[in-house]
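**Q** Below are the chains, spelled out letter by letter.
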Amino acid sequence: MSNDFSIHVEHLTRVEGHGNIEVNVKNGKIEKLQWSVIEAPRFFEAMLRGQQYNELRPITSRICGICSIGHSLASLKATEDALNVKITEQTALLRRLAINGENMQSHILHIGYLAAPDLFGVGSVLPLIASKHKDTVLKIVKLHRLANEMSDIICGRTVHPIRLIVGGFSAIPTKKQLLDLRKRLDESKAITNDLAQVIHSVVDKLPNFIRETEYISLSADDEYAFYDGVINSTDTGKFKDYKNYQTITNEYFVPQSTAKYAKHNRKSYMVGALARFNLNSSQLHSNAKNIAKLFKLKSINYNPFMNTIAQLIEFMHNTEDSISIIDKILDRGLKEEKQIKTKIKASRGVGLVEVPRGLLIHDYTINSKGYCTKANCVIPTNQNHANIQLDMEKIVPEIIDKPPKEIEFTLEMLVRAYDPCISCSTHYLDVKFI
Amino acid sequence: MKQKPRVAVFDFADCEGCELEIADLEEEILDLIEIVDIVSFREVMKEHSDNYDIAIIEGSVMRPMDEKRLRDIRSKAKILVALGACATIGGVNKIRNQWMHDEVLRTVYGEAPIHGNELFNVFKTKALNEVVPVDYYIHGCPIDRDEFKHVITALALGKKPEIPRYPVCVECKKNENICQFELGAYCLGPITRAGCKAICPTHNSPCEGCRGLIKKAETECVWEVLERYNLSYEDIRRRCTMYNYGKEECKVDE
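Protein chains in written order, with our numbering: chain G, 1 to 434; chain S, 1001 to 1254.
Don't read these hints as lab results, they were simulated from the structure.
These numbers come from a predicted model, not from an experiment.
Each residue gets a CB set at the ideal place from its N, CA and C atoms; glycine is no exception.
The reader is advised that the hints may include incorrect statements.
What the hints assert, rightly or not - Here are a few chain S residues that sit away from chain G, every Cβ distance over 12 angstroms (derived from the structure):
# : residue
1 : 1069
2 : 1078
3 : 1084
4 : 1094
5 : 1118
6 : 1129
7 : 1145
8 : 1149
9 : 1214
What the hints assert, rightly or not - Coverage of chain S stretches by chain G, computed from C-beta distances (three or more under 8 angstroms per stretch; other residues unrestricted):
#  : region
10 : 1037 to 1048
11 : 1173 to 1180
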C-alpha cells in the first residue's frame, strides 16, 4: 500500500470527448479527487439566435455525432410544440424506429468497442480481433452495422440524419426496405443473445460497487419510454409540467468543467439506460427481460457499472420493439404523406426525448416571423457529471489500499460505464449559476 | 516490405461524428490497418504514441490552449489531414463568429467567474488552416466514408489524393433528382464542392454547403437559378452561414 500517490488521466480514452481524472492522496488521505471536462465550449445557444425554425434541427444535430438523431428529434418536438404542429401516426412510428436505431448503434458501440476492452484486459477492440475473441468481435461488428444501416434506411444517414424535418419526413423508406430490415432484426436476436452470454462470462470484472442515488427518465403508460413520456424520478415520481423541466434539472456551473452539472432531490442524479431500466423495466419486451434475468438485474439497481448491462438489455428491447413497429406500419399501409403546412406564430416549445445516454430536452422560443430568439438544451451527460464525481468520492476510499494503477483503471472504467458524451455536454446552450 | 505509415487521429471542438464515420467503416477498418498503423485514436483506443507520420485532425480551434496543441501535432506530423467541416472550413462552429467572442461569452456564461480560466479563454472559431498549414482535406459534415478510404489509401501509397472540384449539382443530376429549387427550396448545390454523392438532395433535402464553396467562376449557374426561381440573394447568403460563415477567409480552395 502506498500512502502518497497521484493519478492524472489527461484526455480519458474510449469516451466521446475530452475529460480528465485527477486524484491526489497524501498519507493515505484524499486531498484532491476530481472529474473535469476540458472540452472547448461550442456556444450553440448563441448560434441558434436568429436561425429560422426549420434550420434548428440541422444545426442542433451537429451538437453530437453519436446522438444526432436524438438531438434532431428533441429539436423537432420542441419546434412542433411551439408551432402547434401535429404529426401523423406514421411519422410517429417512423420516428420511434429512428430513435431505436440510434439507441442500438450507440449502445453496441459502447458495449463492444468502448467498454468490452476493459472486461477483456486490452486497450482497444483491435487486439481482440487477433485473439480467441475474434468471433465475438465479428458479432459486435454485425450488430453495429445492422443498427447503422437501420438508421440509414429510416433517416438517410446515421451521423446527422437528413430526412427528419418539421412535421414529418422529407423521404420515407420503401416497403421492401422495411421488410428486409424486419428480417435482419429478427435474425439478430440470436446474435445478441450469444453476445449476452459472452459478456455474462466476464461480468465479474465489473466492480461490485453500490451508491444509492436518484434516477430520472421519461416514463409512458403503454411503452418503455423513448420517444414520448413524462419525466419520472425514483425519488419523487412523475412530473407532468414538462415546460417547467428546469425545476427538475437545476443545472449549475463548476469552474473545473466546461460542461454544466445538474441536481434534483439529492446532490446528484443519474440518467441513461440504467435509469430507464430502474424506472420502466416492467415494460421491456420478453427477450430483453430474459437478458435482465441472465444478469440478475432488478430495479432498483444502484451499481453504475451495470449501466453497460442495461444498455445490452435495451439493445434487445429496441430490436423487438422495432419489429413490432414495422409490423404496425405495414399493417396500416405505408404511404407517402403530404408535408404538413406550418403556421408561424410567436411561442415557446419544449421537446423531451430519451436518447442513448438519457433524458434530452430542447427548449426554443420562436418569434412571430419564425426565427429563434432563445434556446436551451439539457444534455444527458451533464445530468450525470455530478453523479460521476460523487461515485468517485465513494469508490476511492473503498479501494484506496489497491495499487494506484488499479485505482486509475477502476476510475476510468467508472466514467466509461456512464458512456459520457462530452461534445454534447459542452454544447453550452444556457447556463445557470448557483 | 516498406514500413506502413503511422497514423494518429486527434479531435478538437466538434461533435466527433466524423471519427464515428471512421468507426462505422466496420470490417473495412481491417482493410485499412493492412496499409497503415493506427498509433493513436483516443475515441476508440487507450494506446497512444507521439511518433506518427500522418495526423488526421477533426474539429475547430477555439482557444489558445487548443492552438498550442495543434501546433505541437503539426510539428510531429509529416502530413496533416483536416477531417470534416469543423476542421476544413470551421463548419457550424463559425456561426458564432458573426458576434464578438466576448459578447458570445457573456450571452452564455453571464457573470460567472470565468475570467482567467483558460478552459473558457476563447477566440473566434478557426479552421485548422488558419493556424497551421494543412496538406489535405476530407470534407463534409459528416465526411463521406468512401472519400475517407480514398484519401487514406492514396496517402498510404504515397500518392496525392484527388477530390472533386465541381459542384454538387453534377452528382445530383447523375442521381436524377428533381432540382431542389424546382421544389421551392434553397439549395447550395450549385456552389458547393461535390464528393458527397449529393446525399442531401437525394433524400429530398437541400444542400447546406458543408463541403465548402467552390471557385467563383463556377458559381455563375447559381445566379441563373436564382433569377429563374425569383429567389432572394439574402436568403441564400444566409443559408451559406450554416457552414461557410466568413467564407472569404476560407483558404480551402487550392
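**Q** Can you name, in rising order, the numbers of the hints this structure does not satisfy?
**A** 1, 3, 4, 5, 7 and 11
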